[in-house]
Amino acid sequence: MDWGSLFTNAAYEIISPTTAAYALAAMGLAVHFGYTGLLNFGQAGFMAVGAYGFAISTLTFGFPWWAALLTGIAASVVLALILGIPTLRLRADYLAIVTIAAAEIVRLLFTTNTFAAVTGSAAGLSGYKTSWQAMNPIPAGNYNIGPWVRDHNEVWLLIVAWGLVGLAALLIWLLMRSPWGRVIKGIREDEDAVRALGKNVYSYKMQSLVLGGAMGAFAGMVFVLPRSVQPGNFQPTLTFFIYAILLLGGAATIFGPIIGSMIFWTLLSIFSGFTARAVEIGWLPFMTSLQAGQVRFILVGIALMVIVIYRPQGIFGSKKELAFVKQ
Amino acid sequence: MSNSDMQTKTTAKPVKATDLHVGGPEDMLPGVPKRDPIVVATNITRTFGGLKAVDVESLQIPRNAITALIGPNGAGKTTLFNLLTGFDKPDTGDWALNGKSLKGVPAFKVARMGQVRTFQLTKALGMMTVMDNMLLGAQNQTGEGFFQAIIPSMWRKQEDDITERALDLLERFKLVKLKDDYAASLSGGQRKLLEMARALMCRPELVMLDEPMAGVNPALTQSLLSHIIDLKSEGMTVLFVEHDMQMVKHIADWVVVMAEGRVVAEGDPKTVMRNQAVIDAYLGSNHGKDLGTDTDTVNTMKELLDDQR
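Chains as they are written, first to last, in our numbering: chain A, 3 to 329; chain B, 41 to 349.
If you're looking for bench data, these hints aren't it; they were derived computationally from the structure.
Every residue, glycine too, gets a C-beta built ideally from N, C-alpha and C.
Among the clues, some could well be false.
[Stated by the list, open to error] Derived coverage of chain B by chain A (criterion: at least 3 residues anywhere in the stretch with Cβ under 8 Å from a Cβ of chain A; other residues may be distant):
| id | region |
| --- | --- |
| 1 | 285-291 |
| 2 | 297-303 |
| 3 | 316-322 |
[To be verified] Calculated Cβ distances over 10 Å to all of chain B for the following chain A residues:
| id | residue |
| --- | --- |
| 4 | I16 |
| 5 | L71 |
| 6 | V80 |
| 7 | L166 |
| 8 | L177 |
| 9 | S180 |
| 10 | W182 |
| 11 | G183 |
| 12 | E191 |
| 13 | A195 |
| 14 | A198 |
| 15 | N202 |
| 16 | Q209 |
| 17 | I256 |
| 18 | L292 |
| 19 | I317 |
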């Protein structure tokens with residue numbers, strides 16, 4: 003077995019644009035769930051409107067990349083408002099139900115044939131990257147990044163994607179150490195207590211929903227830049243993977259979602275590389291190569307369970323916080 | 041708290057506010073107008089299903105006095121609290137703080153207007169430090185705006201000021217050593233103290249305490265009592281719900297008795313404890329029921345009645 007390329011491929015997942023996209027989405031969820039206590043189960047929906055907002059505005063309306071980006075963000079803000087206005091006054095679990103349903107509605111609207119001319123239906127969209135690639139300041143060619151060779155488009159995307167992750171981390175850090183963050187964390191603990199202290203809880207929850215949703219939209223755009231827009235990519239499982247990443251890293255932490263995403267993708271790559279090769283050389287005679295492709299999710303699931311059982315506060319979470327959970 | 045400290049506080053008789061209502065002793069009837077009311081409520085009703093939980097025709101809370109709201113379980117005390125503070129909406133009625141109507145005003149605005157409450161089940165924010173709990177109480181913070189929050193220089197100065205004020209309050213409430221601990225690590229009594237101190241960070245005019253003594257050990261009770269009396273001497277008005285008759289008698293200037301959603305009696309503590317309607321409300325509601333849970337209250341009540349005769 004070629005262990006070298008197995009681990010080189012896996013190691014690239016630490017910096018791959020997809021890892022950055024998942025990290026961004028998980029940071030949005032950290033704002034929602036970790037800091038504010040909002041149970042958003044529709045992060046895939048925010049990613050979908052970001053991705054489709056970017057692609058459709060480019061393809062259908064001919065927007066340049068920056069206008070397309072703003073459209074994607076605006077779409078996520080609108081989605082956050084639509085979800086938040088009726089549900090944020092209700093108990094927390096209602097938001098969970100509404101968001102998971104809304105994310106599915108969004109996905110199905112993009113899948114249905116009725117709007118195929120705009121959305122590409124199940125086939126999805128591609129060819130929206132021209133304006134984005136045209137503004138790439140890096141000269142065309144192949145570049146060595148450590149042991150990996152990547153072309154100028156990928157290098158450009160890596161810079162932008164991780165730059166966004168850095169900016170998002172900085173923003174969350176600034177916000178959560180401020181009095182604004184104090185109100186947000188107070189709402190997570192007990193919103194009635196915060197209300198009794200004269201804070202407009204509804205408004206803060208809305209701000210949090212919009213902020214985390216916009217991060218989801220950025221994540222959606224970064225996610226579709228190295229590939230095409232496919233409605234099948236935005237299934238509820240996407241949201242659950244992002245929750246797994248968040249809990250792995252630590253829900254109310256800055257670096258948790260980033261490191262969580264790196265670990266998640268590296269594990270996924272190691273398991274898929276290993277099972278695919280193992281089936282190829284006959285180590286797993288009871289399995290077809292098709293099954294091998296699926297088994298990685300089982301193994302990742304087990305790995306995540308082990309981590310969550312033995313380190314339930316996540317990698318960056320404080321053990322102290324957990325000491326009181328049972329009280 | 042040291043022992044000697046406790047003793048002085050036990051023996052010190054709080055100065056009672058008197059002459060709060062309009063008229064003489066014979067006018068101490070439910071709904072009697074006050075000379076200087078801070079809260080005026082009229083015709084407040086709230087039904088849950090078929091049950092009329094609150095049905096208060098008229099209630100006025102006297103300013104700069106300690107008013108106790110007492111009554112048997114299920115009398116509607118907490119419901120009335122929720123209604124007055126905007127945490128629940130009444131079916132009918134109007135009520136005002138300092139002459140400004142609070143009808144339809146959301147809870148957070150009621151708090152901003154100077155009417156701050158605590159909860160029966162303490163709501164300390166467990167995963168936040170004691171200090172963060174306190175700072176959350178301060179009003180008009182620039183740094184609580186989303187965009188201002190990003191620029192620390194815009195709120196640093198204010199943050200230092202309120203931190204100083206929080207430290208003063210924590211000192212008074214003997215929580216200053218715990219300021220960096222998570223609120224969840226505090227004992228039940230300490231949480232009650234924290235909640236009260238946090239409410240004071242809002243600089244309230246009217247403090248509404250829902251069962252401030254429930255589940256607090258006797259040592260802390262004394263400290264809590266003295267804090268409540270201090271509030272009055274600092275010019276605040278206190279309205280509190282309590283079951284402990286001794287305590288009510290000790291610190292309250294005015295007592296409002298509720299039973300089955302109505303105000304059945306009000307007056308100064310001595311007068312109220314002699315009132316037949318009150319005796320009926322407390323004892324009558326327990327006829328044919330297991331007295332086990334409420335025996336203490338009943339016994340205290342009986343002792344009090346004996347004292348008065």
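Hint check:
1. 285-291: violated (count 0)
2. 297-303: It is violated, with 0 qualifying residues against the three required.
3. 316-322: violated (count 0)
4. I16: The claim stands: A:I16 keeps its Cβ more than 10 Å from every Cβ of chain B (closest is about 29 Å).
5. L71: holds (21 Å)
6. V80: Check passes; 18 Å lies beyond 10 Å.
7. L166: holds (17 Å)
8. L177: violated (5 Å)
9. S180: violated (4 Å)
10. W182: The claim breaks: A:W182 does not keep its Cβ more than 10 Å from every Cβ of chain B (closest is about 4 Å).
11. G183: violated (7 Å)
12. E191: With a cut-off of 10 Å, A:E191 comes too close to chain B, as the shortest Cβ separation is near 4 Å.
13. A195: Violated, since 4 Å does not exceed 10 Å.
14. A198: violated (5 Å)
15. N202: violated (5 Å)
16. Q209: With a cut-off of 10 Å, A:Q209 comes too close to chain B, as the shortest Cβ separation is near 5 Å.
17. I256: At about 15 Å from chain B, A:I256 clears the 10 Å cut-off, so the statement holds.
18. L292: With a cut-off of 10 Å, A:L292 remains clear of chain B, as the shortest Cβ separation is near 46 Å.
19. I317: The claim stands: A:I317 keeps its Cβ more than 10 Å from every Cβ of chain B (closest is about 18 Å).
In this structure, the hints that do not hold are numbers 1, 2, 3, 8, 9, 10, 11, 12, 13, 14, 15, 16, in rising order.
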